[in-house]
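K.L.:
Next come the chains, spelled out residue by residue.
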Amino acid sequence: MAASLVIGAGIAGMQAALDVADAGFKAYLVEKEPSIGGRMAQLDETFPTLDCSSCILTPKMVSVGGHPNIELLTYSEVIEVEGNAGHFEVKVRKKPRYIDVMKCTACGICAENCRLTGRIDSEFNVGMGKRGAAYVPFPQAVPLKYTIDAKRCLMIQRGKCGKSPPCRDACPADAIDFEQQEEIVELEVAAIVVATGFDPFDAHLKPEYGYGIYDNVITGLQFERLSSASGPTFGELKLNDTNIEDVVFIQCVGSRDRNLGNPYCSRVCCMYTAKQAHLVREKLPDAQISVFYTDIRAFGKGFEEFYDRVREERVRYRRGNPSEIYKRGDRLVVRAEDTLLGKPVEVEADLVVLAVGLVPREDAQAVVGLLGLSRSEDGFLKEAHAKLQPTDTEVEGIFLAGCCQGPKDIPDAVAQAKASAASAIVIMSQFTKNPASGED
Amino acid sequence: METEQSILERCDLWGCIQCGKCTGGCPMAFKTTLNIRRLIYEALIEGAVDPSGMEELWDCTTCGTCVLRCPKEVEPADMIVALRTVLVDGGVIPPTIRDALTSVFRYGNPSLMPPDERADWAEGLGVKNIADGADVLYFVGCIPSYDDRAQKVAKALVKVFQKADVDFGILGVEEKCCCSEVRRVGEEGLFEYMVEEQQELFGKYNVQRIVTTSPHCYNTFKNEYEGLDIEVQHYTQFVAELVNEGKLTFSGELDKVVTYHDPCFLGKQNDIFDEPREIIQSIPGVEFREMDRIRDRSLCCEGGGGRMWCEGSNPEERLATSRFEEVLSVGADIMAVACPFCLLTFELAAKAGGYEEKVQVLDILELVAEVI
Numbered sequence: 001m002a003a004s005l006v007i008g009a010g011i012a013g014m015q016a017a018l019d020v021a022d023a024g025f026k027a028y029l030v031e032k033e034p035s036i037g038g039r040m041a042q043l044d045e046t047f048p049t050l051d052c053s054s055c056i057l058t059p060k061m062v063s064v065g066g067h068p069n070i071e072l073l074t075y076s077e078v079i080e081v082e083g084n085a086g087h088f089e090v091k092v093r094k095k096p097r098y099i100d101v102m103k104c105t106a107c108g109i110c111a112e113n114c115r116l117t118g119r120i121d122s123e124f125n126v127g128m129g130k131r132g133a134a135y136v137p138f139p140q141a142v143p144l145k146y147t148i149d150a151k152r153c154l155m156i157q158r159g160k161c162g163k164s165p166p167c168r169d170a171c172p173a174d175a176i177d178f179e180q181q182e183e184i185v186e187l188e189v190a191a192i193v194v195a196t197g198f199d200p201f202d203a204h205l206k207p208e209y210g211y212g213i214y215d216n217v218i219t220g221l222q223f224e225r226l227s228s229a230s231g232p233t234f235g236e237l238k239l240n241d242t243n244i245e246d247v248v249f250i251q252c253v254g255s256r257d258r259n260l261g262n263p264y265c266s267r268v269c270c271m272y273t274a275k276q277a278h279l280v281r282e283k284l285p286d287a288q289i290s291v292f293y294t295d296i297r298a299f300g301k302g303f304e305e306f307y308d309r310v311r312e313e314r315v316r317y318r319r320g321n322p323s324e325i326y327k328r329g330d331r332l333v334v335r336a337e338d339t340l341l342g343k344p345v346e347v348e349a350d351l352v353v354l355a356v357g358l359v360p361r362e363d364a365q366a367v368v369g370l371l372g373l374s375r376s377e378d379g380f381l382k383e384a385h386a387k388l389q390p391t392d393t394e395v396e397g398i399f400l401a402g403c404c405q406g407p408k409d410i411p412d413a414v415a416q417a418k419a420s421a422a423s424a425i426v427i428m429s430q431f432t433k434n435p436a437s438g439e440d
Numbered sequence: 441m442e443t444e445q446s447i448l449e450r451c452d453l454w455g456c457i458q459c460g461k462c463t464g465g466c467p468m469a470f471k472t473t474l475n476i477r478r479l480i481y482e483a484l485i486e487g488a489v490d491p492s493g494m495e496e497l498w499d500c501t502t503c504g505t506c507v508l509r510c511p512k513e514v515e516p517a518d519m520i521v522a523l524r525t526v527l528v529d530g531g532v533i534p535p536t537i538r539d540a541l542t543s544v545f546r547y548g549n550p551s552l553m554p555p556d557e558r559a560d561w562a563e564g565l566g567v568k569n570i571a572d573g574a575d576v577l578y579f580v581g582c583i584p585s586y587d588d589r590a591q592k593v594a595k596a597l598v599k600v601f602q603k604a605d606v607d608f609g610i611l612g613v614e615e616k617c618c619c620s621e622v623r624r625v626g627e628e629g630l631f632e633y634m635v636e637e638q639q640e641l642f643g644k645y646n647v648q649r650i651v652t653t654s655p656h657c658y659n660t661f662k663n664e665y666e667g668l669d670i671e672v673q674h675y676t677q678f679v680a681e682l683v684n685e686g687k688l689t690f691s692g693e694l695d696k697v698v699t700y701h702d703p704c705f706l707g708k709q710n711d712i713f714d715e716p717r718e719i720i721q722s723i724p725g726v727e728f729r730e731m732d733r734i735r736d737r738s739l740c741c742e743g744g745g746g747r748m749w750c751e752g753s754n755p756e757e758r759l760a761t762s763r764f765e766e767v768l769s770v771g772a773d774i775m776a777v778a779c780p781f782c783l784l785t786f787e788l789a790a791k792a793g794g795y796e797e798k799v800q801v802l803d804i805l806e807l808v809a810e811v812i
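Chains as they are written, first to last, in the working numbering: chain A, 1 to 440; chain B, 441 to 812.
It is worth saying that the hints were derived from the structure and are not from the lab. No experiment lies behind these values; they were computed from the predicted model shown. Incorrect hints may have been included.
To be verified - Using 30 Å as the maximum straight-line C-alpha spacing, the simulated DSS-like pairs for lysine-lysine come out as follows: (1) B:K696 with A:K327; (2) A:K327 with B:K687; (3) A:K238 with A:K283; (4) B:K696 with A:K382; (5) A:K283 with A:K60; (6) A:K408 with B:K512; (7) A:K160 with A:K32; (8) A:K327 with B:K568; (9) B:K644 with A:K387; (10) A:K151 with A:K32; (11) A:K343 with B:K512; (12) A:K32 with A:K103; (13) A:K343 with B:K471; (14) A:K343 with A:K301; (15) A:K327 with B:K791; (16) A:K26 with A:K103; (17) A:K26 with A:K94; (18) B:K798 with A:K327; (19) B:K687 with B:K568.
Make the full structure from the sequences, and use the hints.
P.N.:
Now the structure itself:
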């Protein structure tokens with residue numbers, strides 16, 4: 001059976017793999033993290049329909065996990081790609097989880113007994129919750145198997161964890177295996193879909209907002225976790241002991257910014273902020289909510305209507321890009337010019353949410369080098385033609401899906417994934433029908 | 441019309457999206473009518489801005505916050521300087537600024553001081569003239585040369601140099617104003633003239649390395665003197681190196697709580713945030729505490745951009761005064777500065793606001809000189 005490789009198992013990669021698999025071809029889905037799901041798994045509700053993100057994502061994750069034509073390679077990285085369309089030879093490194101996934105029942109006893117539990121920042125909760133060295137990123141993880149973080153685990157780092165590692169002693173399935181080695185898997189595929197995603201903009205790079213200095217200045221992604229019922233506060237808007245009455249959102253943090261080399265619009269921040277303002281209103285009916293913006297971009301289906309709705313929920317939109325945040329007593333002061341009033345203003349806040357943009361992944365250059373692709377000026381992966389081949393690359397047989405190609409929202413990422421899957425299916429069909437390919 | 445059009449092109453105003461980040465961060469916007477975002481809008485829409493009668497143009501301290509914050513690489517402060525140039529060319533400028541400019545042209549300093557007294561502060565200190573050859577030219581600057589208070593800073597640096605065996609010299613009576621502020625009040629012609637003179641002087645003595653007292657001199661030499669092929673350092677960089685390399689050691693202790701105010705021309709405009717802190721923290725006995733508004737979020741003292749010679753349209757509410765509340769809130773005995781303008785504006789504000797008894801304003805060099 002002809003096969004495709006999909007790199008990255010966020011919503012785009014999962015969708016591409018599902019379409020390839022549903023068409024009757026094999027899909028190898030490689031994911032760097034211990035679980036599939038990507039960024040979408042971290043979100044609370046999604047704009048503009050307010051679907052609960054994990055409620056619509058989890059069934060897809062389960063389908064991916066159970067699909068007979070999809071082979072999942074989680075906690076794995078593509079390390080070598082050779083050949084060309086129809087005949088790519090791929091090497092994948094499966095990192096050791098130090099847990100035998102055949103034995104692990106995800107009972108969680110290893111994590112309960114890990115001496116570092118509660119001491120390592122949870123990536124999934126963007127540093128707002130803690131995990132141990134033995135962990136699952138989140139309860140709906142697929143595969144639902146524990147992983148031991150080799151970089152932090154005392155046993156792996158120092159060769160010793162107390163008298164005997166308590167996780168191993170406690171595991172009822174005898175699944176913990178510190179001798180586990182990495183494994184190199186070799187694959188032959190006809191086509192490749194790249195769906196490696198994005199990084200959220202690092203708000204430390206805008207020092208005027210005091211991110212990292214003030215606990216109550218958080219990013220949009222952190223807000224998602226804070227607001228999520230599965231988050232560190234179980235959905236309660238609560239940060240340290242501050243009683244939240246005044247909430248300020250700041251748009252365009254790290255986007256449309258030539259100074260930072262991020263001149264592009266990140267496309268999702270206007271709407272995710274509108275949605276977050278709505279969530280604040282839902283949770284804190286009496287809060288003062290202000291959104292500082294430069295331009296509002298509500299261009300998608302149902303977006304402008306949602307923006308209308310949010311304003312009617314008593315959210316104040318103020319035109320002006322805040323210039324700095326500082327403290328007065330215990331309160332944050334957001335300083336901006338309200339450009340419609342033509343006056344500088346100071347707005348006190350208990351919570352400031354920075355609408356951070358989307359930036360190319362830190363490892364984008366490595367991906368480009370691995371696959372022989374190139375990057376556009378904004379640093380994202382470059383498509384073959386900006387208008388007519390938006391999901392093709394300059395390399396035949398390699399396609400792009402989702403935010404690796406540029407910032408986009410969920411429906412656009414899914415649409416691209418389906419387009420890339422269709423392109424991959426075309427290649428696979430050609431090579432299946434052609435007897436010279438020696439397959440089937 | 442010609443001039444205003446060139447303002448639009450020269451300051452690259454077409455890139456402006458009117459986000460207001462410039463005015464929102466402008467330290468003057470809250471206390472005067474200066475609104476740089478609105479001025480840019482006017483220029484964009486009308487194609488011209490007539491600066492006559494705009495007193496608020498003289499409020500700008502050229503602290504550079506607007507330039508730093510602008511996401512579109514527009515340089516709003518440049519527009520203010522360009523508009524000031526129109527006023528300077530038309531001869532309609534505050535008399536104190538006119539006097540300062542005339543003084544720079546005639547005497548090489550803005551304070552109407554005799555040029556032959558420029559090096560009086562160094563008498564008896566054993567400071568050699570650069571004419572006798574030295575590794576480092578110490579460029580003293582106008583205020584530390586003539587002002588009683590600021591002279592102490594120059595003397596402190598001499599002590600530091602001597603303690604660390606640095607081979608240095610000064611230009612003596614030949615030293616002239618760097619003209620950083622001349623340029624910022626819009627007198628570009630005088631700036632260019634003086635740059636040429638200065639370059640000749642540096643060339644004459646084969647100067648290889650310059651250390652300045654003032655961040656303003658440092659900034660203009662480093663970033664605005666075209667073709668100047670000389671290593672320029674602010675003293676905080678030089679002294680931090682001495683400390684880190686073990687060439688400057690301390691013999692005493694300073695049992696005080698010290699906080700530090702970032703000068704705009706050193707911090708925001710040149711990213712020199714760490715060196716001053718390294719020096720302070722290396723002083724034995726010092727407990728260093730940071731204020732809230734520091735580094736990129738520091739508050740301007742209101743001394744730059746010609747404001748040393750001109751009160752501005754709202755002299756009552758001094759930013760320097762509000763700064764003292766912050767100094768007190770961290771419990772500091774000493775507010776350390778690294779700029780002669782900051783030193784003088786804060787000393788003045790301390791007197792005016794009655795903070796003198798509670799907080800001492802001292803240059804970092806004075807702290808260092810006390811313990812070596």
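K.L.:
All the hints need checking, so say for each whether the structure fits it.
P.N.:
Verification of the hints:
Using a Cα cut-off of 30 Å, the hinted pair K696 (chain B) and K327 (chain A) holds, with the two alpha carbons roughly 25 Å apart. This hinted pair does not check out: K327 (chain A) and K687 (chain B) have alpha carbons roughly 39 Å apart, beyond 30 Å. With a CA separation close to 11 Å, the supplied pair K238 (chain A) and K283 (chain A) stays within the 30 Å bound. Restraint check for K696 (chain B) and K382 (chain A): the C-alpha separation of about 58 Å exceeds 30 Å, so the hint is violated.
Restraint check for K283 (chain A) and K60 (chain A): the C-alpha separation of about 28 Å stays at or below 30 Å, so the hint holds. A threshold of 30 Å between alpha carbons decides the hint, and for K408 (chain A) with K512 (chain B) the separation of about 22 Å falls inside it, so the pair holds. Under the criterion of a C-alpha separation no larger than 30 Å, the hint pairing K160 (chain A) with K32 (chain A) is consistent with the structure, at around 27 Å. A distance of roughly 48 Å separates the Cα atoms of K327 (chain A) and K568 (chain B); the hinted pair therefore is violated under the 30 Å criterion.
Between the alpha carbons of K644 (chain B) and K387 (chain A) the distance comes to roughly 62 Å, so the proposed pair goes past 30 Å and is violated. Note on K151 (chain A) and K32 (chain A): the hinted pairing holds, with a Cα-Cα distance of about 15 Å set against a maximum of 30 Å. This hinted pair checks out: K343 (chain A) and K512 (chain B) have alpha carbons roughly 21 Å apart, not beyond 30 Å. With a C-alpha separation of about 22 Å, the suggested pairing of K32 (chain A) with K103 (chain A) holds against the 30 Å cut-off.
Simply put, K343 (chain A) and K471 (chain B) have alpha-carbon atoms about 11 Å apart, close enough for the 30 Å limit, and the pair holds. For a cut-off of 30 Å, the pair hint linking K343 (chain A) to K301 (chain A) is broken: about 35 Å separates their Cα positions. For the given pair, K327 (chain A) sits about 26 Å from K791 (chain B) by alpha-carbon distance, which is consistent with the 30 Å threshold. For a cut-off of 30 Å, the pair hint linking K26 (chain A) to K103 (chain A) stands: about 26 Å separates their Cα positions.
The hinted pair formed by K26 (chain A) and K94 (chain A) meets the criterion: a straight-line CA distance of about 19 Å does not exceed 30 Å. Between K798 (chain B) and K327 (chain A), the direct Cα distance comes to roughly 22 Å. Compliance with the 30 Å bound is thereby established for this hinted pair. For the suggested pair K687 (chain B) and K568 (chain B), the alpha carbons sit about 21 Å apart, so the restraint of at most 30 Å is met.
When each numbered hint is compared with the structure, violations occur for hints 2, 4, 8, 9, 14.
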